[in-house]
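Work the whole structure out from these sequences, hints included.
Chains as they are written, first to last, in my numbering: chain A, 1 to 493; chain B, 1 to 493.
Heads up, a few of these hints could be off.
Unchecked claim - Among the chain B residues that face chain A by a calculated CB cut under 7 Å, a handful are:
#1 Ile293
#2 Tyr424
#3 Glu427
Bear in mind the hints are in silico, worked out from the structure with no lab data behind them.
Being a predicted model, the structure only gives us computed values, none of them experimental.
We put the CB at the ideal spot given by N, CA and C, even for glycine.
Protein chains: 2
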Amino acid sequence: MAAPMRPTSLSLFFMLGTLSSSLLCSLISIEAAAAASSGGYQHAQEADRVSALPGQSSNPAMSQFSGYITVNQQNGRELFYWFFEAQTVPSQRPLLLWLNGGPGCSSIGYGAAVELGPLRVKRNGTGLEFNRYAWNQEANLLFLESPVGVGFSYTNTSSDLSKLDDGFVAEDAYNFLVNWFKRFPQYQTHDFYISGESYAGHYVPQLSELVYDRNRDGKNYYPHINFKGFIVGNPETEDYNDSKGLLEYAWSHTVVSNEVFRLASRVCDFRLFNWTDECVTVMSLLFQQYREIDIYNIYAPKCTSKPSSASSSPGVPSAAEAVERRGKGSLRAMGVLPGGYDPCYSAYAEEYFNRADVKKSLHADAFGSANRSWKVCNDSILRTYNFTVASVLPIYTKLINAGLKIWVYSGDADGRVPVIGTRYWVESLALPLRSQWRPWYHRGQVGGRFVEYEGVALVTVRGAGHLVPLNKPSEGLALINSYLSGRQLPTRR
Amino acid sequence: MAAPMRPTSLSLFFMLGTLSSSLLCSLISIEAAAAASSGGYQHAQEADRVSALPGQSSNPAMSQFSGYITVNQQNGRELFYWFFEAQTVPSQRPLLLWLNGGPGCSSIGYGAAVELGPLRVKRNGTGLEFNRYAWNQEANLLFLESPVGVGFSYTNTSSDLSKLDDGFVAEDAYNFLVNWFKRFPQYQTHDFYISGESYAGHYVPQLSELVYDRNRDGKNYYPHINFKGFIVGNPETEDYNDSKGLLEYAWSHTVVSNEVFRLASRVCDFRLFNWTDECVTVMSLLFQQYREIDIYNIYAPKCTSKPSSASSSPGVPSAAEAVERRGKGSLRAMGVLPGGYDPCYSAYAEEYFNRADVKKSLHADAFGSANRSWKVCNDSILRTYNFTVASVLPIYTKLINAGLKIWVYSGDADGRVPVIGTRYWVESLALPLRSQWRPWYHRGQVGGRFVEYEGVALVTVRGAGHLVPLNKPSEGLALINSYLSGRQLPTRR
Chain A
1 MAAPMRPTSL SLFFMLGTLS SSLLCSLISI EAAAAASSGG YQHAQEADRV
51 SALPGQSSNP AMSQFSGYIT VNQQNGRELF YWFFEAQTVP SQRPLLLWLN
101 GGPGCSSIGY GAAVELGPLR VKRNGTGLEF NRYAWNQEAN LLFLESPVGV
151 GFSYTNTSSD LSKLDDGFVA EDAYNFLVNW FKRFPQYQTH DFYISGESYA
201 GHYVPQLSEL VYDRNRDGKN YYPHINFKGF IVGNPETEDY NDSKGLLEYA
251 WSHTVVSNEV FRLASRVCDF RLFNWTDECV TVMSLLFQQY REIDIYNIYA
301 PKCTSKPSSA SSSPGVPSAA EAVERRGKGS LRAMGVLPGG YDPCYSAYAE
351 EYFNRADVKK SLHADAFGSA NRSWKVCNDS ILRTYNFTVA SVLPIYTKLI
401 NAGLKIWVYS GDADGRVPVI GTRYWVESLA LPLRSQWRPW YHRGQVGGRF
451 VEYEGVALVT VRGAGHLVPL NKPSEGLALI NSYLSGRQLP TRR
Chain B
1 MAAPMRPTSL SLFFMLGTLS SSLLCSLISI EAAAAASSGG YQHAQEADRV
51 SALPGQSSNP AMSQFSGYIT VNQQNGRELF YWFFEAQTVP SQRPLLLWLN
101 GGPGCSSIGY GAAVELGPLR VKRNGTGLEF NRYAWNQEAN LLFLESPVGV
151 GFSYTNTSSD LSKLDDGFVA EDAYNFLVNW FKRFPQYQTH DFYISGESYA
201 GHYVPQLSEL VYDRNRDGKN YYPHINFKGF IVGNPETEDY NDSKGLLEYA
251 WSHTVVSNEV FRLASRVCDF RLFNWTDECV TVMSLLFQQY REIDIYNIYA
301 PKCTSKPSSA SSSPGVPSAA EAVERRGKGS LRAMGVLPGG YDPCYSAYAE
351 EYFNRADVKK SLHADAFGSA NRSWKVCNDS ILRTYNFTVA SVLPIYTKLI
401 NAGLKIWVYS GDADGRVPVI GTRYWVESLA LPLRSQWRPW YHRGQVGGRF
451 VEYEGVALVT VRGAGHLVPL NKPSEGLALI NSYLSGRQLP TRR
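Here's what the structure looks like:
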């Protein structure tokens with residue numbers, strides 16, 4: 001469903017075609033606020049309610065909603081969300097937004113249906129089963145497909161797709177939030193947290209900064225969001241340390257030879273935004289090795305069955321592809337992007353979410369997306385995305401100083417955004433140590449380790465890959481419980 | 001059963017009390033050879049035959065033998081063995097000796113009954129079950145409890161136990177071999193290989209050198225052994241690189257903090273045979289972290305149940321123990337020794353092998369061992385062992401030049417003798433590269449990686465810990481098949 005007042009606002013936006021996006025967004029807020037004050041939100045909210053989904057197993061009673069939120073009236077940009085109220089006392093639980101990365105990967109396809117959502121796609125895509133480690137035991141849980149072009153989200157202005165970059169994504173996500181709160185004003189005062197993994201390591205801090213800044217804007221253009229902090233998993237954060245960590249991890253975890261490791265260490269200057277040809281050549285040898293295993297979970301079996309569609313293999317490119325793209329000279333240009341995962345999972349979700357009855361039940365059969373096939377990751381978004389931000393560390397510094405609650409977690413069996421690089425950049429923030437590195441426990445075992453600095457905590461999850469809530473669901477739930485509740489992770493067995 | 005001619009030779013040895021051990025051993029050979037030529041071996045061999053063991057499951061027909069071989073008549077040193085003929089065409093299969101490490105750990109308790117033997121102890125020690133990945137599919141398989149004091153092996157001269165060191169162990173093992181071949185002369189001409197893991201990383205090359213040297217001795221003191229090569233797993237080899245690797249592995253695998261890693265890197269000179277007090281202090285912090293997980297398999301659950309006997313915990317010492325032993329200033333003095341494993345496994349084996357009916361069936365109820373409780377690892381051996389050899393690399397160089405077939409394998413999830421250190425010392429041999437580092441495949445997945453140098457191959461086993469045949473039995477079998485058959489590991493999926 002689109003935002004309720006679209007006809008009126010559409011004409012308004014046609015008259016204002018040259019306005020800046022920031023002013024536009026404030027106008028969106030104003031129009032949505034009007035809707036809210038008139039009580040129109042109740043109708044829109046109810047229209048988004050999901051009664052039951054095809055093949056949904058019996059599960060605890062749980063309110064869910066899904067549909068579209070307009071983020072740019074003029075260009076016809078609509079972002080799709082799926083929202084689950086907390087399983088118990090939703091009125092007293094925080095609101096948690098979850099974002100997947102890619103760029104181009106769907107928070108429905110990964111976060112909701114494979115990782116931490118309460119309804120998980122069954123093995124062959126025939127239906128949904130209840131996930132007893134769902135994070136909506138802890139929070140009201142909001143999944144957003146972002147940016148436009150991802151999953152069911154769309155734009156009626158195809159040129160938008162060539163303009164996607166981190167700033168664009170953050171602006172649209174911010175507009176989404178503002179208008180989502182208009183449709184669900186009962187959550188406006190809840191504590192609000194942002195979470196995500198992989199390339200959402202960019203999205204999450206960037207959106208956080210926008211929310212923080214606009215909350216402080218004195219001109220009352222922007223509604224106040226009760227924003228408390230963010231948590232990111234295996235987050236792409238700073239190219240230099242992420243790349244250095246990737247190389248060192250591949251060697252210390254037996255993926256590459258001594259020769260490739262030493263050569264890459266010598267010829268690659270990861271401080272460069274674009275790698276030199278020499279560096280690309282040797283790094284492509286490294287990625288050739290990763291083609292043989294699941295880079296996102298290096299000890300797991302690799303899925304060897306074919307994905308349902310040829311293009312739905314968002315993980316590691318072939319060596320040929322990697323070398324072919326070397327001209328662009330960067331990790332990203334080599335197509336080795338985070339956020340994707342195993343094509344086996346993709347295939348199951350793609351079976352399910354492309355069913356007409358499922359689309360209808362989810363209110364996802366809007367004009368702009370009805371005839372497009374839904375994919376877990378959209379490779380064309382990945383290819384055309386404009387990578388312009390090499391580091392989000394300045395945002396960390398700013399938001400740590402602002403007193404937000406910031407946690408970083410890392411599944412330590414991930415080769416793509418490895419814990420080694422994450423340790424490096426967290427340490428590079430040069431924050432005072434609050435509590436030393438030590439284990440945390442889960443069910444009598446070491447769940448991982450954690451270290452607390454003044455302003456940020458780093459938590460590792462032992463034996464988990466890139467998608468922690470998939471690989472270690474019980475540990476993942478314990479982690480988000482600790483984060484949201486403010487309780488320390490268990491330090492005794 | 002003791003060697004057949006004991007009464008005669010005993011008196012001989014009493015007369016020769018001051019002879020050197022090497023001359024003694026040649027005399028042992030001579031007396032045993034006399035027994036063989038007289039045909040007496042057949043009786044002794046049959047007396048060692050094991051018909052059936054208590055609680056043994058039905059399994060493929062398989063000849064097995066066990067008993068004692070005298071290695072020093074004068075002092076009454078008897079080594080216990082358990083031998084399984086190959087499951088098929090034993091007359092055409094090579095003979096493979098397996099040694100566990102410790103020092104103090106039993107090749108019966110680990111190798112035979114937990115790892116690669118055809119009869120594995122059941123979970124609660126009630127019986128034995130057939131292991132379908134047993135290495136006697138590939139070879140005639142000989143397990144030796146070495147040195148005296150380990151398992152059922154014993155000495156009647158308790159002062160022997162204070163003299164144990166690598167040289168002592170190798171001499172006794174050599175004497176064992178010579179006399180075992182007298183009892184089983186039908187194997188004298190078979191291709192012979194030596195294998196083992198952990199601290200057997202010392203035993204195996206040292207015994208190999210002895211066999212090699214004595215085969216070449218021109219004086220015909222020593223019978224010829226058709227020795228072809230050796231293979232070692234997660235082998236303690238060279239203190240410097242093993243220790244460096246241990247530290248780097250602990251950091252790169254999220255076990256220790258940045259602070260401990262950097263401090264240890266600064267204050268520890270692993271080239272010293274005994275660490276400085278400063279180094280011991282910081283390394284004890286590292287081992288404190290390893291107390292929380294299974295150092296021998298860092299992603300596995302740690303066994304949290306109590307071992308059957310308080311002293312049967314051969315793995316990681318408590319932090320207090322570690323610090324208490326710091327005076328001795330070495331990794332070994334800290335009690336953190338390889339070879340041991342999880343007390344849960346120990347408990348099962350100790351239940352079983354301490355049964356009187358089991359001892360009787362195995363011919364293990366000899367005078368010297370009957371009243372002693374059998375342990376998977378004997379801590380007192382570990383404590384009193386004289387560590388005098390910091391590196392066995394000179395032996396590698398010598399035996400590589402001799403053209404022996406030498407393989408090293410490494411489960412890459414082992415924190416105790418980690419693959420990082422093994423990579424370092426293998427590279428330090430400075431051998432020409434024969435084939436580059438690349439994956440090998442097993443059942444459509446990457447089993448690990450391997451690299452071949454002129455004279456030595458290094459094979460990793462992905463996701464396996466210290467005890468590869470226990471953690472990855474199918475991969476372990478594929479590995480020993482490749483080694484023994486001379487076929488390359490599969491390089492295609």
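Checked hints:
Taken as an interface hint, B:Ile293 checks out: its beta carbon lies about 5 Å from the nearest beta carbon of chain A, inside 7 Å. Taken as an interface hint, B:Tyr424 does not check out: its beta carbon lies about 9 Å from the nearest beta carbon of chain A, beyond 7 Å. Using the Cβ-Cβ criterion of 7 Å, the hint placing B:Glu427 at the interface with chain A is satisfied: the shortest such distance is roughly 6 Å.
Of the hints listed earlier, the one the structure fails to meet is number 2.
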